[in-house]
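> Chain by chain, the residues run as shown.
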Amino acid sequence: MKHKIDSIFTQLERSLAITKKNIKIYYLKGPVIIFGLIFPLFLFLAFTIGKSIPLKELLPGLIGMTTFFTATAVGPSIMSWETRSKTLERLASCPVSLWTILLGDIFSSFLFGIIISVIPLFFALLLKISFLNFIILFLGLILANFCFSVLSILLSAYPPSDLPATSLMISSLVKFPLVFISGVFIPVEKMSFFARAIASFSPLTYFTDLVRRLILGVNYYPLPLDFSMMVIFALIFLVFTIKLHEKTFTKRIS
Amino acid sequence: MDNIIEVKNLTKYYNGLLAVNHISFEVKKGEIFGFLGPNGAGKTTTIRILTALLKPDEGTALVSNYDVFKNPLEVKQCLGVVPEVSNVYVDLTAWENLMLMGELYGVPKKEREENAVKLLKDFRLYDVRENLAKGFSKGMKQKLLLCMALINNPEILFLDEPTSGLDVESARLMREKVQQLNRDGKTIFLSTHNMEEVNQLCHRIAIINHGKIAAIDTPERLRAQSMELQYIEVLFDKPVNLAKLSERLKIANVSPAGNKFRIYTANPHTIIENLVDFARENNLKILDLDTMMPSLEDIFIKLIKQKI
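Residue numbers (the numbering used here), protein chains in the order written: chain A, 1 to 254; chain B, 1 to 308.
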């Protein structure tokens with residue numbers, strides 16, 4: 001038992017080495033960082049500009065989108081890059097499990113998401129926008145980032161492509177519809193019954209709902225449910241990520 | 001000598017095709033073991049199983065007494081690997097590539113830094129250690145890959161086509177390093193297409209074809225088993241009609257080889273006597289006469305042509 005626990009800690013430590021590598025190679029690049037910030041901001045402005053909505057009411061949607069898009073921006077393409085640049089087999093030949101590699105990829109997406117999504121929060125503080133409970137908001141942000149990061153690595157599992165553009169295109173096919181059904185632009189309580197039913201299948205719905213509660217004081221789901229659903233989604237995504245990548249790994253290296 | 005790798009009845013299907021067909025062999029501790037075969041013969045699949053990247057469908061493989069199926073992480077921990085299709089991280093420096101590998105093998109920081117300095121100096125990469133690998137030549141990348149495989153000081157080294165695509169000087173350096181590493185006590189599992197390399201380096205070789213082991217032995221014994229492949233090369237002072245020579249020697253297997261003739265025979269001394277008679281009868285001088293043992297390439301071609 002002790003040996004197993006030691007082994008898990010060793011693997012976690014090695015996944016951090018993979019995280020460090022990913023950050024150096026894929027994330028610490030000017031265009032990636034700027035894209036992570038600019039893209040959600042402009043997409044959001046495109047849907048809100050010209051409408052006389054107070055800044056405070058815009059903030060939950062902006063935080064939701066920034067968090068979602070940054071945490072899922074690069075993750076889907078990492079496996080494809082590693083396959084294409086023929087580094088995956090070398091990496092997998094090291095004494096690391098496949099889940100260790102995937103966790104390293106998830107951690108790097110997570111860290112990138114946290115750093116970028118804190119920026120709108122920082123601006124909100126500068127503009128003296130008050131939060132009902134900043135600590136709960138920050139915990140929600142951490143959980144949401146983790147959940148979206150796992151989703152981003154799940155999105156790279158199938159098909160096992162060596163073309164990063166293919167992975168990014170497939171991830172966009174999932175990401176954009178999710179934004180529109182998740183209460184970013186229209187709060188859940190204002191949706192029709194059918195739309196609300198669909199929204200309940202998106203993890204972003206629960207994060208947006210949580211942020212609205214903590215900034216605007218209005219929400220549709222109770223806070224514990226928002227947290228629980230994000231945990232459940234993260235676990236489901238994690239299991240599917242590991243299982244699907246295990247299935248497609250042989251094809252990637254052959 | 002103890003076996004460091006033991007393969008029994010190993011079988012692997014790829015998309016319904018039998019890629020590795022119930023193969024069994026052993027690799028002794030401290031030897032350089034050559035693994036040869038034509039493209040698609042099952043070499044890389046076998047290596048991927050032995051390096052715990054793929055799971056076998058049947059059979060067992062023990063590497064350093066660990067089962068590749070049950071203890072993949074322990075197997076990987078005692079190996080250094082240069083995969084066939086592999087690359088360094090081109091957006092990292094040579095130093096960062098080595099540090100990454102050291103961390104993934106759990107080598108303590110001080111030790112991995114000392115190892116990295118030594119390896120980079122040994123492989124003449126120390127001066128470019130802070131350069132991004134994207135600016136490296138193919139030879140430099142291959143040397144860096146070998147450094148990365150050695151950062152954990154492994155007891156077994158798997159090299160899949162390590163000199164493929166390298167210039168003559170880099171290939172020679174790689175071969176010298178392989179010999180040096182073997183002298184230092186490392187077991188080396190070498191897959192290559194280069195027969196000269198096998199001839200120079202390997203203590204024993206296995207030839208795999210259609211997923212099965214066609215032969216396994218020392219290069220010398222394999223040659224001795226294929227004496228019908230030995231040949232004589234002869235050079236006359238004047239042009240000679242091939243059909244006439246073949247008729248006189250009563251041997252069909254005579255072929256031109258540049259300005260010489262190559263005569264395959266299991267009985268060279270009789271052929272030499274006949275050649276001398278043929279020269280006298282036709283007023284020819286023999287300028288050169290060599291008896292050649294079968295090359296590994298000849299044996300390889302013979303074995304892969306055989307139906308298994």
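These aren't lab readings, by the way, just hints derived from the structure by calculation.
You may find that some hints are simply not true.
[Unchecked claim] Straight line, CA to CA, 20 angstroms or less: simulated PhoX-like cross-link-like pairs of lysine-lysine:
no., chain 1, residue 1, chain 2, residue 2
1, A, LYS4, B, LYS118
2, B, LYS121, B, LYS141
3, B, LYS29, B, LYS177
4, A, LYS51, A, LYS243
5, B, LYS250, B, LYS28
6, A, LYS86, B, LYS141
7, B, LYS121, A, LYS20
8, A, LYS243, B, LYS244
9, B, LYS305, B, LYS285
10, B, LYS118, B, LYS70
11, B, LYS238, B, LYS260
12, A, LYS86, A, LYS190
13, A, LYS20, B, LYS110
14, B, LYS55, B, LYS212
15, B, LYS134, A, LYS29
16, B, LYS285, A, LYS247
17, A, LYS86, A, LYS251
18, B, LYS121, B, LYS212
19, A, LYS24, B, LYS134
20, A, LYS251, B, LYS55
21, B, LYS305, B, LYS238
22, B, LYS177, B, LYS141
23, B, LYS55, A, LYS247
24, A, LYS2, B, LYS177
25, B, LYS285, B, LYS244
26, B, LYS212, B, LYS238
27, A, LYS86, B, LYS134
28, B, LYS305, B, LYS212
29, B, LYS134, B, LYS109
30, A, LYS56, A, LYS190
31, A, LYS24, B, LYS186
32, A, LYS243, B, LYS134
33, B, LYS250, B, LYS260
34, B, LYS55, B, LYS8
35, A, LYS20, A, LYS128
36, A, LYS20, B, LYS260
37, A, LYS86, B, LYS177
38, B, LYS285, B, LYS302
39, B, LYS118, B, LYS177
40, B, LYS8, B, LYS29
> Does each hint hold? Answer for all of them.
Structure-based check of each hint:
1. A:LYS4 <-> B:LYS118: With Cα atoms ~34 angstroms apart, A:LYS4 and B:LYS118 exceed 20 angstroms; violated.
2. B:LYS121 <-> B:LYS141: Roughly 15 angstroms separates the two Cα atoms, so the pair holds.
3. B:LYS29 <-> B:LYS177: 18 angstroms, holds
4. A:LYS51 <-> A:LYS243: Not satisfied, since the Cα-Cα distance of roughly 45 angstroms exceeds 20 angstroms.
5. B:LYS250 <-> B:LYS28: At roughly 45 angstroms apart (the allowed maximum being 20 angstroms), B:LYS28 and B:LYS250 break the hint.
6. A:LYS86 <-> B:LYS141: 13 angstroms, holds
7. B:LYS121 <-> A:LYS20: Distance of about 26 angstroms is beyond 20 angstroms: violated.
8. A:LYS243 <-> B:LYS244: Since the Cα atoms of A:LYS243 and B:LYS244 sit roughly 70 angstroms apart, the hinted pair is violated (cutoff 20 angstroms).
9. B:LYS305 <-> B:LYS285: 37 angstroms, violated
10. B:LYS118 <-> B:LYS70: 34 angstroms, violated
11. B:LYS238 <-> B:LYS260: 11 angstroms, holds
12. A:LYS86 <-> A:LYS190: Violated, at roughly 49 angstroms.
13. A:LYS20 <-> B:LYS110: Given that 20 angstroms is the threshold and the Cα spacing comes to 19 angstroms, the pair holds.
14. B:LYS55 <-> B:LYS212: The hint holds at about 18 angstroms.
15. B:LYS134 <-> A:LYS29: 16 angstroms, holds
16. B:LYS285 <-> A:LYS247: Roughly 69 angstroms between the alpha carbons, so the hint for B:LYS285 and A:LYS247 is violated.
17. A:LYS86 <-> A:LYS251: With a Cα-Cα distance of about 13 angstroms, the restraint between A:LYS86 and A:LYS251 holds, given a limit of 20 angstroms.
18. B:LYS121 <-> B:LYS212: 41 angstroms, violated
19. A:LYS24 <-> B:LYS134: The given pair, whose Cα atoms are some 14 angstroms apart, holds under the 20 angstroms limit.
20. A:LYS251 <-> B:LYS55: 13 angstroms, holds
21. B:LYS305 <-> B:LYS238: 36 angstroms, violated
22. B:LYS177 <-> B:LYS141: With a Cα-Cα distance of about 15 angstroms, the restraint between B:LYS177 and B:LYS141 holds, given a limit of 20 angstroms.
23. B:LYS55 <-> A:LYS247: Status holds; Cα separation ~12 angstroms.
24. A:LYS2 <-> B:LYS177: 40 angstroms, violated
25. B:LYS285 <-> B:LYS244: 16 angstroms, holds
26. B:LYS212 <-> B:LYS238: Given that 20 angstroms is the threshold and the Cα spacing comes to 47 angstroms, the pair is violated.
27. A:LYS86 <-> B:LYS134: 13 angstroms, holds
28. B:LYS305 <-> B:LYS212: 13 angstroms, holds
29. B:LYS134 <-> B:LYS109: 25 angstroms, violated
30. A:LYS56 <-> A:LYS190: 18 angstroms, holds
31. A:LYS24 <-> B:LYS186: 33 angstroms, violated
32. A:LYS243 <-> B:LYS134: 33 angstroms, violated
33. B:LYS250 <-> B:LYS260: 18 angstroms, holds
34. B:LYS55 <-> B:LYS8: It holds: about 14 angstroms lies between the C-alpha atoms, which stays within 20 angstroms.
35. A:LYS20 <-> A:LYS128: 35 angstroms, violated
36. A:LYS20 <-> B:LYS260: 62 angstroms, violated
37. A:LYS86 <-> B:LYS177: Between A:LYS86 and B:LYS177 the Cα gap is close to 24 angstroms, so the pair fails against 20 angstroms, i.e. violated.
38. B:LYS285 <-> B:LYS302: 33 angstroms, violated
39. B:LYS118 <-> B:LYS177: Holds. B:LYS118 to B:LYS177 sits at ~13 angstroms (cutoff 20 angstroms).
40. B:LYS8 <-> B:LYS29: Holds: B:LYS8 and B:LYS29 sit about 17 angstroms apart, inside 20 angstroms.
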